[in-house]
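Order-wise, the sequence lines are chains A and B.
Residue numbering for the first sequence follows the numbering used here, starting at 130 and increasing by one per position.
Residue numbering for the second sequence follows the numbering used here, starting at 520 and increasing by one per position.
Stretch by stretch, here's where chain A covers chain B in the computed footprint (C-beta under 8 Å, at least three residues): (1) 529-541; (2) 548-554.
Below, in silico cross-link-like pairs of lysine to aspartate or glutamate (DMTMM-like), each with a Cα-Cα straight-line distance of 20 Å or less: (3) A:296 to B:527; (4) B:552 to A:145; (5) A:298 to B:535; (6) A:296 to B:530.
By construction, these hints were calculated from the structure, which means they are not laboratory data.
Backbone N, C-alpha and C fix where the C-beta goes; we use that ideal spot for every residue, glycine too.
Below, each chain spelled out in residue letters.
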Amino acid sequence: MPLADADLVARVLLDDDHHAFAELVRNHQSSVRGLLRQLVRTDVTLADDLAQETFVRAYKNLRSFRGEARFSTWLYRIAYNCFREEARKRKELVGIDEAQLESEHDPQTTDPALRHDLAQALQALPLHERSAVVLCCQNGLSHDEAARVLDIPLGTVKTNVLRGREKLKRALAAWGPN
Amino acid sequence: MAENLQEDWLDARLRDEAPYIDDAGFTTRVVRKLPARPVRNWLRAMILLGLTISASAIAYFVSGGGWFIAEGVTRFALLPLPVIWLCAAGATILVMAGGLLAAISKASSRSR
Chain A
130 MPLADADLVA RVLLDDDHHA FAELVRNHQS SVRGLLRQLV RTDVTLADDL AQETFVRAYK
190 NLRSFRGEAR FSTWLYRIAY NCFREEARKR KELVGIDEAQ LESEHDPQTT DPALRHDLAQ
250 ALQALPLHER SAVVLCCQNG LSHDEAARVL DIPLGTVKTN VLRGREKLKR ALAAWGPN
Chain B
520 MAENLQEDWL DARLRDEAPY IDDAGFTTRV VRKLPARPVR NWLRAMILLG LTISASAIAY
580 FVSGGGWFIA EGVTRFALLP LPVIWLCAAG ATILVMAGGL LAAISKASSR SR
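Sequences and hints are given; from them, build the entire structure.
In structure tokens:
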């Protein structure tokens, strides 16, 4: 039976158990890497480097995780901080390695043209709206959790999600249900 | 009604856009980058103590019962007083410098 995040965290803290931490990484790598890929809008390698940095920082600062929020929310917060630091260094992170992203999608699930349009529409959103939409609509965080991750007021998150979704709906109007 | 349908459709598409990313060695790379596990303090103390006792025992037997220590002490006691004072001051400075270096390295590793 797989151990819960809290048990794995306790093992790392008590015994400095690298295997337990590896289990935590395995459980959360997909969502953290996915989030960073959406935020970075540049090559996938950079997003993965940031994800790696996120987990190393999480390991070093694990004692500061008090279990008040979900472990994934705490990780997203670190990931978002890593992204912000990188963005500050590079000023602007633009462009996306679409070929690599395409190759990792299941071709059966969605029409490739729709996927392309959705990716374009997401990338066209300003960073604050994209971050809120990705966290709440893709990663399933509540507005409250997203506010903690992004370190902004709850009302601002709600507004950003609403505006982001409106823009996405407009951009994808041709694809919507009739 | 149409508005709700549109909302549901958009949510579903957004979730589809976040597929599972295969690990493909990512976890291994992260674990390799983790800082090495520090040797526990009590273990370090036991190792140091063991090494010191072993080294002392070897030195004692190899030197034929430690006669050179007694001879060294006698010779040192016969040195002029200013030289003894100089040696004592030198030893004190060395020990203080060692302590200072250890404190600085510990403080800098904590602030990192």
